[in-house]
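The lines below spell out each chain.
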Amino acid sequence: MKKSLGQRIWRWSILLVVTSYLALPIVAMLDFSTKVGRNKRGLYAWKAIFQQPDLVGGIVTSLELAAIVIALLLFLVVPTVIWVHLKLPKLRRPLELICLLPLAIPGIVLVVGVSKIYMWLSIHWTESPLTLSAVYAMLILPYTYRSLSAALFAVDVHTLAEAARTLGASTSRTLFQIVIPTIKAGVMSALVISIALVLGEYTISSLLNYKTFQVEINLIGQNDGTIAVAVSLASLIFVLLLLLLMPTAKQRGKALLDVDAE
Amino acid sequence: MSSVAVQLNDIAKSFGPVKALAGLTLEIKEGELVALLGPSGCGKTTALRALAGLQDLDRGQILVGGKDITFQAANHRGMGMVFQAYSLFPHMSAQENVEYGLKLKAHKVSPEARRKKSAELLELVGLSTHAGHYPHQMSGGQQQRVALARALAIEPKVLLLDEPLSALDAKVRIQLRDEIRRIQLEVGTTTLFVTHDQEEALGIADRVGVMRDGVLQQIAVPEELYDRPTSAFVAEFVGLTNPIRGTVSGSTVNILGSQIATLPGSVTSGEGIALVRPESIRVEADASGNAKVVTSSFLGSVCRSIVDLADGTRITAQSASSQASVLRAGTVVRVTLDTPAVFVKGL
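So the protein lines, in turn, are chains X and D.
Going by my numbering, the first sequence opens with residue 27, and the numbers climb by one from there.
Going by my numbering, the second sequence opens with residue -2, and the numbers climb by one from there.
Please keep in mind that the hints were generated in silico from the structure rather than gathered at the bench.
The model shown is predicted, which means the values in this text are computed figures rather than measured ones.
Mixed in with the good hints there might be a few duds.
[Claimed, not checked] Using 35 Å as the maximum straight-line C-alpha spacing, the simulated DSBU-like pairs for lysine-lysine come out as follows: (1) X:Lys142 <-> X:Lys237; (2) X:Lys116 <-> D:Lys102; (3) D:Lys105 <-> X:Lys113; (4) X:Lys237 <-> X:Lys73; (5) D:Lys26 <-> D:Lys102; (6) X:Lys113 <-> D:Lys26; (7) D:Lys102 <-> D:Lys154; (8) D:Lys64 <-> D:Lys168; (9) D:Lys289 <-> D:Lys342; (10) D:Lys154 <-> D:Lys26; (11) X:Lys113 <-> D:Lys16; (12) D:Lys64 <-> D:Lys102; (13) D:Lys154 <-> X:Lys113; (14) D:Lys105 <-> D:Lys26; (15) D:Lys105 <-> D:Lys64; (16) X:Lys113 <-> D:Lys289; (17) D:Lys64 <-> D:Lys16; (18) D:Lys168 <-> D:Lys102; (19) X:Lys73 <-> X:Lys61; (20) D:Lys16 <-> X:Lys116; (21) X:Lys116 <-> X:Lys237; (22) X:Lys113 <-> D:Lys102; (23) D:Lys26 <-> D:Lys16; (24) D:Lys168 <-> D:Lys154.
[Stated by the list, open to error] Label pairs and their computed distance ranges (CB to CB): (25) X:Trp36 <-> D:Ala110: 54 to 64 Å; (26) X:Trp109 <-> D:Val184: 31 to 41 Å; (27) X:Trp109 <-> D:Ser298: 31 to 41 Å; (28) X:Ser30 <-> D:Ser298: 50 to 60 Å; (29) D:Thr22 <-> X:Glu122: 40 to 50 Å; (30) X:Lys116 <-> D:Glu183: 40 to 50 Å; (31) D:Ala164 <-> X:Ile124: 35 to 45 Å; (32) D:Ala19 <-> X:Ile134: 57 to 67 Å; (33) X:Ala130 <-> D:Asp7: 44 to 54 Å; (34) X:Ser30 <-> D:Thr292: 48 to 58 Å.
Cβ atoms here follow ideal geometry from the backbone N, Cα and C, with glycine treated the same way.
Input sequences plus hints: build the corresponding full structure.
Take a look at the structure:
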């Protein structure tokens, strides 16, 4: 049915207001990061991003952390949530509670709790900032659990898994060829949330004295605000691109991990 | 005589205090289609899942082709299964769904053979034009056809059908039921079909087993099950019955002034309740009759009348549709029985 003119104006107005609200800070950031002096414009801040070795180091560290967290998510969290959903339904509630705990515990309290472990780690094993991946894997749990759980409840995964089993699929094939592709949208949103969270995390890494992306932005921001804003905007665009690249429901492709030994 | 393809020997399974299977024993012959029929919770689905390897057992033994598979994993049993819920893999097309089992180690065939097989099976279920369609682009009936093709693709030792028609609307259900039977006869796969719909079971199966409380009450060809039930439960569960009081003496019962033979398992003396099918009751307009018509419905091929007997017992009779104009409400009728034997239960 065709919408009336009034309805269309109302819809476009809402869209305009929301878009403006979201776009305004981004435009302001772009404006600020391209200012050189009082009246001049230029890409000085953007070009300077890659001339800051500490910043590049921070970016690399955060991307490495994101990669490790993704691996932990795919090979530990996703199979665990699926396994509990399919085989141990009685453990769903306790697992949900455990996964939601990081939301209830303030970051500072978390740091106080884990600082002793990190102190021991830095003395006895390694000072690598990549050890932060353990804390980050914990931090992503509330968000990833929610999106995975919603995806699992949206389809009858149990029957699909049983159908695969009767056709001769092993447990790993059932998991990687049937269950994970079925809940692909949930897994992808968990991935994007995890990447965004790792790239945006500041409190824990700063308090534990690790030089990650956000810590470096903060340090640069103390000397040169335009570079800090340019980097922040770049990271925002990066996460936005990730969100846009997320497969939609229409893009029903192959299994995430097609182990067809053809 | 065909050899035995499947043997369930005294299988039992409890879920807490609930006994889903309480020593079920069943044999299915090669190429036979056996339907398990029973009310909800009678254990029919548990039996089917146990045969598929999706349900472990507390006791008993499962033999397929003479081989003990009781402890074999589901993915090594070679059973094709169609589920009650739609179970096509949503990220695969119809063709990919059908080919999936053939890609796996257990049934692996060359890509060419796989494509040929999937095309043949989609043709068999009448969906060759839907090979590229995804489950969300197909109706429920079409999805179940593809699920059937997928189950048949692996050339299963036994085809297991777990109420595959229950989610479909009535018309599609009847069409697909007939098609399942046609395909089963064409392919010749030994099949176990679980349903709570008696019409479905009687219409499709070579033999029908009626289950109750985890055990088989009776298993027989549909006609025998309907005409010669061995228990009151089977008589009442399969088809409609009229409970009519009568006096039993040995192997006969006196009801409505007629001496009728009793079926094995009936009570042998005293008062009893005969379970009489509506089509075994003859109703004829007769001013000096023993009953009065309450209502009468024209159902196309037959006429169903509700009649009150002189003692107040209300019964349902089924007669030829030509009788509909005669058997109007309030008409005095004579009710007689036209059956060789009835089952009589105790009071």
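Structure-inconsistent hints, enumerated in ascending order: 8, 16, 18, 21, 27
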